[in-house]
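Taken in order, these protein sequences are the chains called U and S. One point on numbering: in our numbering, the residue at position 150 of the first sequence is 150, and numbering is uninterrupted. Basically our numbering = 1-based index in the second sequence + 1000.
One should not assume that every hint holds.
[Unchecked claim] If the Cβ cut is set under 7 Å, some of the chain S residues that face chain U in the computed set are:
1) I1052
2) Y1088
3) A1092
4) W1094
5) P1106
6) E1109
7) L1183
[What the hints assert, rightly or not] Label pairs and their computed distance ranges (CB to CB):
8) S:R1065 / U:D78: 54 to 60 Å
9) S:R1178 / U:R124: 53 to 59 Å
10) S:R1116 / U:A128: 53 to 59 Å
11) S:G1133 / U:N131: 48 to 54 Å
12) U:R124 / S:K1229: 51 to 57 Å
13) U:N131 / S:T1027: 39 to 45 Å
14) S:F1110 / U:S118: 49 to 55 Å
15) S:G1226 / U:E157: 42 to 48 Å
16) S:G1171 / U:S67: 26 to 32 Å
17) U:Q123 / S:G1190: 55 to 61 Å
18) U:M379 / S:T1111: 50 to 56 Å
19) S:K1071 / U:N378: 51 to 57 Å
20) U:S348 / S:K1071: 36 to 42 Å
21) S:I1175 / U:S347: 28 to 34 Å
These are calculated hints, taken from the structure and not from any lab test. Ideal Cβ positions, reconstructed from N, Cα and C, are used throughout, including at glycine.
The primary structure of each chain is shown beneath.
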Amino acid sequence: MEAEVTTDQVTDLNFEQGRDSSLIIHLVGSWRMHHGLPSVGRVLHEVSQTKPRSIGFETSRLGAWDSGLLTFVARTIDLGRSRNIPVALEGLPEGLVRLVELAEAVPEKKDARVKTQSAPLLQRVGTATINYADGAEDFLTFLGGVVIAIGRMFQREARFRTSDLMIEIQDCGVSALGIVAMISFLVGTILAFMGAVQLQQFGAEIYVADLVAIGIVREMGAMMTAIIMAGRTGASFAAQLGTMKVTQEIDALTTMGISPMEFLVLPRVVALILMMPLLAVFANVFGVMGGAFVGVAMLKIALPTFLREAWNALTLGNLFGGLFKAMVYGVIIAIAGCLRGFQCGRSSSAVGDAATQAVVTGIVWIVVACGIMAFLFNMLGI
Amino acid sequence: MGEPHIIVRDLTMAFGDFVLMRNLNFTVKRGDVFVIMGGSGCGKSTLLNHLIGLLEPATGEIFYRNFNFTKASPEARERMLRRFGVLYQSGALWSSMTLAQNVGLPLEEFTDLSPREIHAIASIKLALVGLRGFEDYYPSQISGGMQKRAGLARAMALDPEVLFFDEPSAGLDPISSRLLDDLILELRDGLGATVVVVTHELPSIFTIANNSIFLDAETRTMIASGDPKELLAHSPDPKVHRFLTRGADDQHPGN
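Build the full structure now, drawing on both the sequences and the hints.
This is how it looks when you write it as structure tokens:
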């Protein structure tokens, strides 16, 4: 009888008062998601006006339908339920009735919905403070664990594989030489260039050599190496350990009675403690070479003169101060990387977060440590 | 045989204030294949993690024979852990080591064997799980089912007294899963070990288990225990019956 119904007919609904003060909803035309849906508000409006005892559907002029109609019907049922009006499904297509029954089969679990309630400012500040304090405690606990593990290593009781230590040494030593050399050389040229512009005004170009030598050897060599290694090795530690956490490899170590602290963290910390001073020496050499490049090319200072001036400016205190700093930075990078890896959640996005956190924590603590050590060295007159 | 091996008393598992399961009481006898079953998300794996000490009970105690595992010192507990073998859901092989190194690591750490002897033992253990010749493969180079079997070889490395399996058949095809079940039974008989399995695979449960508990997420406790075949025949609890029959009595559309 409704032969003219086609799938392209516009979505529409009409209301009719049925017998026994029921409300019949006529579904007309094509009910597909991409056409947009009539709002349930119209049904709500109709229901609050006529106050029916039941709701039914009539679909003789219904065209094509999909989940759009299912959503509409489900929301009408919710509406009926909230007002104690029974909703009859008899008039609907059989497939749709099955889907509706499937959706209604399991009642909504109480308390399942996530409540998003924004806490008041004071509470948020408090929570953040507590979290920060917990974080500091975790850090100290972890640091303590590392110190104990190193102690056990000297007593030859720690369980780790020497081959792992060698691989880590290669990873954070030899493999990092290229990038450390390039960055240090560039930092050396920048320092020299900045100094040269100022010192030329006094005709004191030769002191560029002093500036570069002391600046690089005392601070910048170790610092730049640390920043590079935080981004390179710290992130890699966190990602490795985080992935091992996700795949339960760390659990497997624990339940085998092998301490992950000794087996995984110890080789990494030791490798960085050993390699950072060596990398810093390397960085010092390339930094001074960068300075010499500017001295020779821009200031026309003879290379031997530049190097002699640089050599005379340096003291052993400068050199060993820089190397000591490098070692401290190494401990910071390794602990930040391993701690964030251990704290990693059990998903792939958590691994990414752990790597990011490792770099951020590492760099923040490097700068803090640099400040503290600059102050202490000054007090001690080194 | 037959003496109590694992005894759990009044165990409550909780994450902070959220109580997952309470009042768990059960005993596993030596040589049992004990299945922890229940619907998804009811805390089966969490219970396993309590039994192997990865999580601490909120209340209650776990005993291995007369040894109080919950109250033990870390050193005593570590010694106890060496008598366990655990097969994790994903295998959890150490990805930077070959299969032989994976199986050999516990031997390397806890015995005085020479590297050659360790390699020989690792080869045998791999052969037991059907991986002869795969000693020098890395975990990423073999299939998921093979990783699981290699994980089993590693779990057996120290001839454990108790073997724990977390969803051994998850992600395996029916045949591989059946082979793994057979392997579990053979290892139980061969090693004389007690086996604890977390699973919800019905065919596995009926093939291997002679003891079990059923955890129910709604009441947050165990609602049945005993031989699953007995439970199927006699359990008065409709939830247990429904689980063990795959809800065969439920109405299905189209029938």
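Hints, one by one, checked against the model:
A least Cβ separation of about 5 Å between I1052 of chain S and chain U falls short of the 7 Å threshold, and the interface hint therefore holds. Hint on Y1088 of chain S holds. Least Cβ distance to chain U is approximately 4 Å, under the 7 Å limit. Annotation: interface hint on A1092 of chain S holds; nearest CB of chain U at approximately 4 Å, less than 7 Å. Look at W1094 of chain S: its Cβ gets to within about 5 Å of chain U, closer than 7 Å, so that hint holds up.
For P1106 of chain S, the interface hint holds, since its Cβ comes within 7 Å of a Cβ in chain U; the closest pair sits about 5 Å apart. A cut of 7 Å between beta carbons decides the hint on E1109 of chain S: the least distance to chain U is about 5 Å, and the hint holds. Of the supplied interface hints, the one on L1183 of chain S is violated, with its beta-carbon coming no nearer than about 19 Å to a beta-carbon of chain U, more than 7 Å. Under the hint 54 to 60 Å, the C-beta atoms of R1065 of chain S and D78 of chain U, about 56 Å apart, fit the expected range.
Checked against the hint of 53 to 59 Å, the C-beta distance between R1178 of chain S and R124 of chain U comes to roughly 54 Å, which is consistent with it. One distance hint, 53 to 59 Å for the beta-carbon pair R1116 of chain S and A128 of chain U, holds here, with the actual separation near 57 Å. For G1133 of chain S and N131 of chain U, the Cβ-Cβ distance of about 51 Å falls inside the hinted range of 48 to 54 Å, so the restraint holds. The hinted window of 51 to 57 Å between R124 of chain U and K1229 of chain S holds, with their beta carbons roughly 56 Å apart.
Under the hint 39 to 45 Å, the C-beta atoms of N131 of chain U and T1027 of chain S, about 42 Å apart, fit the expected range. The given range of 49 to 55 Å is respected by F1110 of chain S and S118 of chain U, whose C-beta atoms sit roughly 53 Å from each other. Between G1226 of chain S and E157 of chain U the CB atoms are about 46 Å apart, so this pair conforms to the stated range of 42 to 48 Å. Distance hint check for G1171 of chain S and S67 of chain U: the Cβ-Cβ separation is about 31 Å, which falls inside the suggested range of 26 to 32 Å.
For the pair Q123 of chain U and G1190 of chain S, the supplied restraint of 55 to 61 Å holds, since their beta-carbon distance comes to about 59 Å. The given range of 50 to 56 Å is respected by M379 of chain U and T1111 of chain S, whose C-beta atoms sit roughly 53 Å from each other. As the Cβ distance of K1071 of chain S to N378 of chain U is approximately 53 Å, the hint placing it in 51 to 57 Å holds. Taken as a hint, the range 36 to 42 Å holds for the pair S348 of chain U and K1071 of chain S, whose Cβ atoms sit roughly 38 Å apart.
In this structure the supplied range 28 to 34 Å holds for I1175 of chain S paired with S347 of chain U, their Cβ-Cβ distance being about 31 Å.
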